[in-house]
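Engineer: Work out the full structure: start from the sequences and follow the hints.
Below, each chain spelled out in residue letters.
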Amino acid sequence: MSMVLESVRGRGRALKRDIKRAQPAAMIIRLVVMLAASAALLLAYPPVIGLQVLIFLPALFPRSFLPTLFMVITIWFWLVSADVDPTRLSIWRVAGLAIALYLVHVGCALAAVLPYDAVVSPGIFTPWIVRAAVVSVLTLGMSELVFAVRTFVGLTPQYLYATIAGLVLTVTIAIFLLYLGKRRQ
Amino acid sequence: MTETSQHDGTARWVPTRAFGRAVLLIGLLLIVALFTHRPDLVVLAAPIAIGAALGLWRRPTGRPEAHLDVTDSTLGETGELHASVSITNRDNLRYDLVVARLSADRWLRIEEQGRPYATAVGPGEAVGIDISGRAVRWGRHLLGPVIAHAVAADGLLISPAAEAAPVDVRVYPVTDSFKANDAMPRAAGTVGFHRSRRPGEGGELAGVRAFGPGDRLRRIDWRVSLRTRELHVASTLSDRDAEVVVLLDVLHEAGRSGGIFGSQSVLDTSVRAAAGIGDYYMHRGDRVAFIEYGWQGRRLRPSSGHRHFLTTLEWLLDVAPALDGAEPPPSMVGAHLISTNSLMIVLTPMIDPKSAAMLARFARSGRFVIAVDTMPASLLAAIDGVVPGQASKAALSIAPWLRRGDFTSSSARLWRLERQNTIDQLREHGVPVVSWGGSGSLDEVLQQVSRMASAPKAVRA
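First to last, the protein sequences are chains U and G.
Residue numbers for the first sequence follow this note's numbering, so the first one is 1 and each next one is one higher.
Residue numbers for the second sequence follow this note's numbering, so the first one is 186 and each next one is one higher.
What the hints contain is simulated information worked out from the structure, not anything from laboratory work.
Check the hints yourself; a few may be wrong.
[Stated by the list, open to error] Rough simulated footprint, nothing fancy, chain G against chain U, three-plus residues with beta-carbon under 8 Å: (1) 6 to 18; (2) 36 to 49; (3) 84 to 98; (4) 108 to 121; (5) 129 to 143.
[Said to hold, decoys possible] Facing chain U, a subset of chain G residues (Cβ under 10 Å, in silico): (6) L214; (7) L229; (8) G240; (9) R244; (10) V283; (11) E310; (12) I314; (13) G318.
Source: prediction; values computed, not measured.
Every residue gets a Cβ at the ideal spot worked out from N, C-alpha and C, and that includes glycine.
Structural biologist: This is the structure we're talking about:
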């Protein structure tokens with residue numbers, strides 16, 4: 001029993017030391033992940049008491065499988081809620097959920113490689129923010145296109161294949177834009 | 186001094202967990218979209234796919250390089266350390282993030298010690314990270330290695346490690362302030378500052394004698410010459426240099442070293458005292474030799490002057506205690522290696538009975554020996570102040586091991602009494618034992634030894 005207590009005390013001391021060493025930059029990244037995860041849950045499913053506790057999974061354990069699990073759970077909630085209530089299928093909700101999930105994904109990618117106690121040079125997050133903004137704008141554009149076509153064509157299998165083709169086209173356009181930008185430099 | 190990265194050329198960039206997550210989610214969402222006819226799932230997959238495509242359309246082919254530069258790798262205790270870690274990107278795309286970790290010896294207090302450094306490096310660029318700190322204890326300390334990883338493609342790829350080898354930083358000990366009077370048992374060198382018993386040019390008057398060929402005219406004592414009607418000259422004793430042998434007893438280490446700003450251990454006291462004693466006598470022209478009484482049995486030949494002092498500081502860097510208290514064989518450290526005219530100053534904590542036996546051996550062989558007690562006074566006071574079975578707060582702060590077991594404090598007091606008994610026995614056999622106190626702490630024993638040197642005695646070879 002005393003060994004268990006000593007082990008718990010040791011973990012407590014280690015946690016206290018880690019909290020003291022934590023740097024603001026790494027904590028801000030994890031806070032962004034939490035906010036994005038919270039937004040994703042609220043967009044995917046009507047608010048339920050206790051559901052928001054899931055937002056700690058990707059923020060606290062970005063290097064593990066838990067961010068993936070969180071995203072799969074959130075997508076599952078979306079599938080169910082949109083099936084039950086088709087009025088939730090609106091352009092702003094779908095685009096917002098896509099962007100929120102993307103921010104969780106890329107925020108966890110950054111938090112996984114940035115140690116919590118790292119001394120950070122100024123300006124290193126700027127390219128990440130710019131890239132996330134570009135991807136968000138392209139996602140908005142694509143979702144506008146998808147819903148616009150759906151309004152005209154209707155919900156047919158051909159429409160789905162066209163949507164996937166539209167995704168491939170969007171990715172190609174994004175790469176081409178990046179290529180043009182690099183050439184100008 | 187610069188150390189550059191070493192790496193295996195076959196190592197490649199590897200995907201991160203985020204890469205696997207992106208592939209899994211894109212595939213899962215597209216498959217579910219196909220089966221459920223839900224185009225909104227394709228929109229959910231879109232940003233992940235676009236982000237992955239933007240990151241991966243140009244992949245890095247090179248790898249980062251790490252360099253560690255130290256401005257000055259030779260310092261004194263409390264000296265400032267300045268170093269620089271540079272990360273070079275020889276690729277043609279940006280590294281989104283580079284994380285570099287620098288290891289450092291505990292006696293090199295680096296600002297932001299133990300924290301990794303994160304920066305970004307553009308294509309074809311090098312970024313420098315300035316490191317500053319302070320050396321807090323003598324010895325050879327390692328700064329480094331530096332291990333760096335780069336991340337690219339929106340966090341989807343991570344590079345193999347780039348490593349810069351550690352740099353050896355030499356920290357010379359602070360010389361304890363030391364001064365002594367001119368008393369020396371037998372100054373038998375050539376020219377120096379100590380009074381000897383040999384006639385020659387010097388400041389000490391030996392007597393008046395008849396004028397002889399070769400005597401200098403200004404030495405003529407006119408008063409005696411007029412009285413005796415024969416020329417007489419004042420004869421003097423020559424001033425000669427002496428040989429001092431400093432022996433460091435490193436059989437054991439005791440006490441906790443806190444560096445230059447904290448408590449001193451036995452080795453700290455011994456090394457700094459040796460540097461102080463050597464500094465004083467060498468700069469006065471005396472020849473000083475050093476012997477390490479430990480498992481290495483190292484010796485430094487006698488010499489004088491500033492150059493030898495610097496050699497001594499370098500020699501002191503490698504002083505290290507024996508792991509099991511093994512003493513060197515007599516062939517490595519024995520009386521046959523020490524001149525009968527030299528003064529031996531033995532810096533010893535008097536922990537091991539072998540140390541007392543060594544002192545007695547040198548004394549019996551006719552050497553002039555002074556034992557300097559380097560045991561920290563605070564540790565002895567902590568043991569002295571302990572009531573059997575109880576340890577006060579002050580004692581526990583200095584010696585926390587007094588708390589272990591019911592009989593530890595009593596055993597410590599017993600050991601203390603036995604040690605004092607040994608010291609008293611050494612004194613009875615003509616080996617003065619004095620605690621190290623810096624400047625002037627050896628004056629009395631030097632006078633004592635000088636008086637004993639002038640007295641006739643029998644020696645055993």
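Engineer: Next step is simple, just say for each hint if it's right about the structure.
Structural biologist: Verification of the supplied hints:
1. Taking a C-beta to C-beta cut-off of 8 Å, the region 6 to 18 of chain U contributes 0 residues in contact with chain G, too few for the three needed, and the coverage statement is violated.
2. With 0 residues having a beta carbon nearer than 8 Å to a beta carbon of chain G, the region 36 to 49 of chain U misses the requirement of three or more and the stated coverage is violated.
3. With a threshold of 8 Å between beta carbons, the proposed coverage of the region 84 to 98 of chain U by chain G holds, since 5 of its residues qualify and at least three are required.
4. Counting residues of the region 108 to 121 of chain U whose beta carbon lies closer than 8 Å to any beta carbon of chain G gives 12, which meets the minimum of three for the stated coverage.
5. Only residues whose C-beta sits within less than 8 Å of a C-beta in chain G count toward coverage, and the region 129 to 143 of chain U has 9 of them, enough to reach three; the restraint holds.
6. Here the hint on L214 (chain G) is kept, as its CB sits about 7 Å from the closest CB of chain U, short of 10 Å.
7. Satisfaction of the interface hint for L229 (chain G) is found here, the shortest Cβ-Cβ separation to chain U being roughly 5 Å, below the 10 Å cut-off.
8. For G240 (chain G), the interface hint holds, the least distance from its beta-carbon to any beta-carbon of chain U being 8 Å, beneath 10 Å.
9. Of the supplied interface hints, the one on R244 (chain G) is violated, with its beta-carbon coming no nearer than about 13 Å to a beta-carbon of chain U, more than 10 Å.
10. Interface hint at V283 (chain G): satisfied, since its Cβ lies 9 Å from the closest Cβ of chain U, which is below the 10 Å cut-off.
11. The restraint placing E310 (chain G) at the interface with chain U is violated, with a minimum CB-CB distance near 13 Å, outside the 10 Å limit.
12. For I314 (chain G), the interface hint holds, the least distance from its beta-carbon to any beta-carbon of chain U being 8 Å, beneath 10 Å.
13. Taking 10 Å as the C-beta cut-off, the interface hint given for G318 (chain G) is violated, the closest approach to chain U being about 14 Å.
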